[in-house]
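Trainee: Sequence:
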Amino acid sequence: MAINRELRKKRKRKNFIFELLVLMVIIIFSYIMFNKFIIIPLKEKYKEKPVVIKEVPYEEEKKEEVQTVPGEMIEVNLYFSDSQAMYLVSEKRKIPPTTSLAKQVVIELIKGPDSSDLYSTIPEGTRVNEVYIADDIVYVDLSEEVFKNHTGGSSGELMTVYSIVNSLTEISPIKGVQILVEGNERNSLVGHVDISMPLLRDEDWIKPS
Numbered sequence: 001m002a003i004n005r006e007l008r009k010k011r012k013r014k015n016f017i018f019e020l021l022v023l024m025v026i027i028i029f030s031y032i033m034f035n036k037f038i039i040i041p042l043k044e045k046y047k048e049k050p051v052v053i054k055e056v057p058y059e060e061e062k063k064e065e066v067q068t069v070p071g072e073m074i075e076v077n078l079y080f081s082d083s084q085a086m087y088l089v090s091e092k093r094k095i096p097p098t099t100s101l102a103k104q105v106v107i108e109l110i111k112g113p114d115s116s117d118l119y120s121t122i123p124e125g126t127r128v129n130e131v132y133i134a135d136d137i138v139y140v141d142l143s144e145e146v147f148k149n150h151t152g153g154s155s156g157e158l159m160t161v162y163s164i165v166n167s168l169t170e171i172s173p174i175k176g177v178q179i180l181v182e183g184n185e186r187n188s189l190v191g192h193v194d195i196s197m198p199l200l201r202d203e204d205w206i207k208p209s
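Heads up, the sequence shown is in full-length UniProt numbering, so the first residue is 1 and it goes up one at a time.
Hints listed in this document are in silico derivations from the structure and should not be mistaken for laboratory results. Hints should not be assumed to be uniformly reliable.
Capping the alpha-carbon separation at 20 Å, the derived lysine to aspartate or glutamate pairs in EDC-like fashion look like this [as the list claims (entries may be wrong)]:
| # | residue 1 | residue 2 |
| --- | --- | --- |
| 1 | K92 | D114 |
| 2 | K175 | D194 |
| 3 | K111 | D82 |
| 4 | K175 | E185 |
| 5 | K92 | D82 |
| 6 | K111 | E170 |
| 7 | K207 | D117 |
| 8 | K111 | E124 |
| 9 | K92 | E72 |
| 10 | K148 | E124 |
| 11 | K207 | D82 |
| 12 | K175 | E75 |
| 13 | K175 | D204 |
| 14 | K92 | E170 |
| 15 | K175 | D141 |
| 16 | K111 | E130 |
| 17 | K111 | D136 |
| 18 | K207 | E170 |
| 19 | K207 | D114 |
| 20 | K148 | D194 |
| 21 | K92 | D202 |
| 22 | K111 | D141 |
| 23 | K175 | D202 |
| 24 | K92 | E108 |
| 25 | K207 | E91 |
| 26 | K175 | D135 |
| 27 | K148 | E130 |
| 28 | K148 | E182 |
| 29 | K175 | D136 |
| 30 | K94 | D117 |
| 31 | K92 | E75 |
| 32 | K111 | E75 |
| 33 | K94 | E108 |
| 34 | K94 | D114 |
| 35 | K92 | E203 |
| 36 | K92 | D117 |
| 37 | K111 | E91 |
Listed next, with one range per pair, are the computed distances between beta-carbon atoms [said to hold, decoys possible]:
| # | residue 1 | residue 2 | range |
| --- | --- | --- | --- |
| 38 | N184 | S154 | 20 to 26 Å |
| 39 | E72 | R186 | 33 to 39 Å |
| 40 | I133 | D194 | 18 to 24 Å |
Here the structure is a predicted model, which is why all the values come from computation and not from measurement. Note that beta-carbon positions come from the ideal geometry of N, C-alpha and C, so glycine has one too.
Turn these sequences into a full structure, and let the hints steer you where they fit.
Mentor: See below:
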């Protein structure tokens, strides 16, 4: 009887092991099939597509000219530097009437003088972001090139600042000019002339006639 019980135990043990092995085979097979026919196709279907970046050409320079309006040409006084960067010299220029005379004056200053005896005061590449008037103060917002491309020096900076100030204060009712760079106030352009506050016309920098 004892021998029979032992044989039955061994048979049960073998059956259990066999059933366990069969179960493991079924699980492994199911896992493989699940991956092959479910997971992998889903991954292929929903995998992230490569992002295609379309390069858009950079518009290097915005159009700055203000809109002209019907009417006679307007004569303005623009101030440019003399050859020694000691004084500003007035140059008369006729421009068409526009929706913003003050902005057009700054644009004309950036273009430079017509006379070969005079010199530009605003660095090359400078753009006019905006010009607006509040009461009797005109706010001139220039691009960062006004200081990045500046040649430096106190006299050069004075010529830049007061060519703008004295040219714009020729226009009524403007009495002061606040220079901004990229929409922000600055203490100076290149370290010499305080532009943190509106500046008034200063005829000491205009060359005596």
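Trainee: So, for every hint listed, does it hold in this structure?
Mentor: Hint-by-hint comparison with the structure:
Restraint check for K92 and D114: the C-alpha separation of about 9 Å stays at or below 20 Å, so the hint holds. Distance check on the hinted pair: K175 and D194 sit about 17 Å apart at the alpha-carbon level, within 20 Å; holds. Of the pairs offered as hints, the one joining K111 and D82 holds, with about 16 Å between alpha carbons and a cut-off of 20 Å not exceeded. Restraint check: the Cα-Cα separation between K175 and E185 comes to about 19 Å, which is no more than 20 Å; the hinted pair holds.
For the given pair, K92 sits about 15 Å from D82 by alpha-carbon distance, which is consistent with the 20 Å threshold. The straight-line distance between the Cα atoms of K111 and E170 is roughly 18 Å, inside the 20 Å bound, and the hint therefore holds. As the CA atoms of K207 and D117 are separated by approximately 13 Å, the hinted pair is consistent with the 20 Å bound. At roughly 9 Å between alpha-carbon atoms, K111 and E124 fall within 20 Å of each other, so this suggested pair holds.
For the given pair, K92 sits about 16 Å from E72 by alpha-carbon distance, which is consistent with the 20 Å threshold. As the CA atoms of K148 and E124 are separated by approximately 10 Å, the hinted pair is consistent with the 20 Å bound. Taking the CA atoms of K207 and D82, the gap is about 8 Å. The hint holds against a cut of 20 Å. Restraint check: the Cα-Cα separation between K175 and E75 comes to about 19 Å, which is no more than 20 Å; the hinted pair holds.
Annotation: proposed proximity of K175 to D204 holds, straight-line Cα distance about 16 Å (limit 20 Å). Between the alpha carbons of K92 and E170 the distance comes to roughly 12 Å, so the proposed pair stays at or under 20 Å and holds. Restraint check for K175 and D141: satisfied, since their Cα atoms lie roughly 17 Å apart, inside the 20 Å limit. Between K111 and E130 the CA atoms are separated by roughly 16 Å; this keeps the pair inside 20 Å, and the hint holds.
Straight-line distance between C-alpha atoms of K111 and D136 comes to about 26 Å, which puts the hinted pair past the 20 Å bound. Between K207 and E170 the CA atoms are separated by roughly 16 Å; this keeps the pair inside 20 Å, and the hint holds. Pair hint K207 plus D114 holds up; C-alpha atoms about 18 Å apart against a cutoff of 20 Å. Distance restraint check for K148 and D194: the Cα-Cα separation of roughly 17 Å lies within the 20 Å cut-off, and the hinted pair is therefore satisfied.
Restraint check for K92 and D202: the C-alpha separation of about 19 Å stays at or below 20 Å, so the hint holds. Between K111 and D141 the CA atoms are separated by roughly 17 Å; this keeps the pair inside 20 Å, and the hint holds. Among the hinted pairs, K175 with D202 is consistent with the structure: their alpha-carbon atoms are about 11 Å apart, no more than 20 Å. Only pairs whose Cα atoms come within 20 Å are accepted, and K92 paired with E108 is accepted, the gap being roughly 11 Å.
For the given pair, K207 sits about 12 Å from E91 by alpha-carbon distance, which is consistent with the 20 Å threshold. Using a Cα cut-off of 20 Å, the hinted pair K175 and D135 holds, with the two alpha carbons roughly 9 Å apart. Taken as a hint, the K148 and E130 pair is honoured in the structure, with Cα atoms around 19 Å apart against an allowance of 20 Å. For the proposed pair K148 and E182, the alpha carbon gap of about 12 Å is at most 20 Å, so the pair holds.
Distance check on the hinted pair: K175 and D136 sit about 5 Å apart at the alpha-carbon level, within 20 Å; holds. Straight-line distance between C-alpha atoms of K94 and D117 comes to about 19 Å, which keeps the hinted pair within the 20 Å bound. Our distance criterion of 20 Å between C-alpha atoms is met by K92 and E75, whose separation comes to about 7 Å. At most 20 Å may separate the alpha-carbon atoms for a hinted pair to count; K111 and E75 meet this at roughly 16 Å.
At most 20 Å may separate the alpha-carbon atoms for a hinted pair to count; K94 and E108 meet this at roughly 10 Å. Annotation: proposed proximity of K94 to D114 holds, straight-line Cα distance about 12 Å (limit 20 Å). Between K92 and E203, the direct Cα distance comes to roughly 17 Å. Compliance with the 20 Å bound is thereby established for this hinted pair. For the suggested pair K92 and D117, the alpha carbons sit about 14 Å apart, so the restraint of at most 20 Å is met.
Among the hinted pairs, K111 with E91 is consistent with the structure: their alpha-carbon atoms are about 13 Å apart, no more than 20 Å. The given range of 20 to 26 Å is respected by N184 and S154, whose C-beta atoms sit roughly 23 Å from each other. Checked against the given bound of 33 to 39 Å, the beta carbons of E72 and R186, roughly 38 Å apart, stay inside it. Look at I133 against D194: about 22 Å separates their beta carbons, and that is inside 18 to 24 Å.
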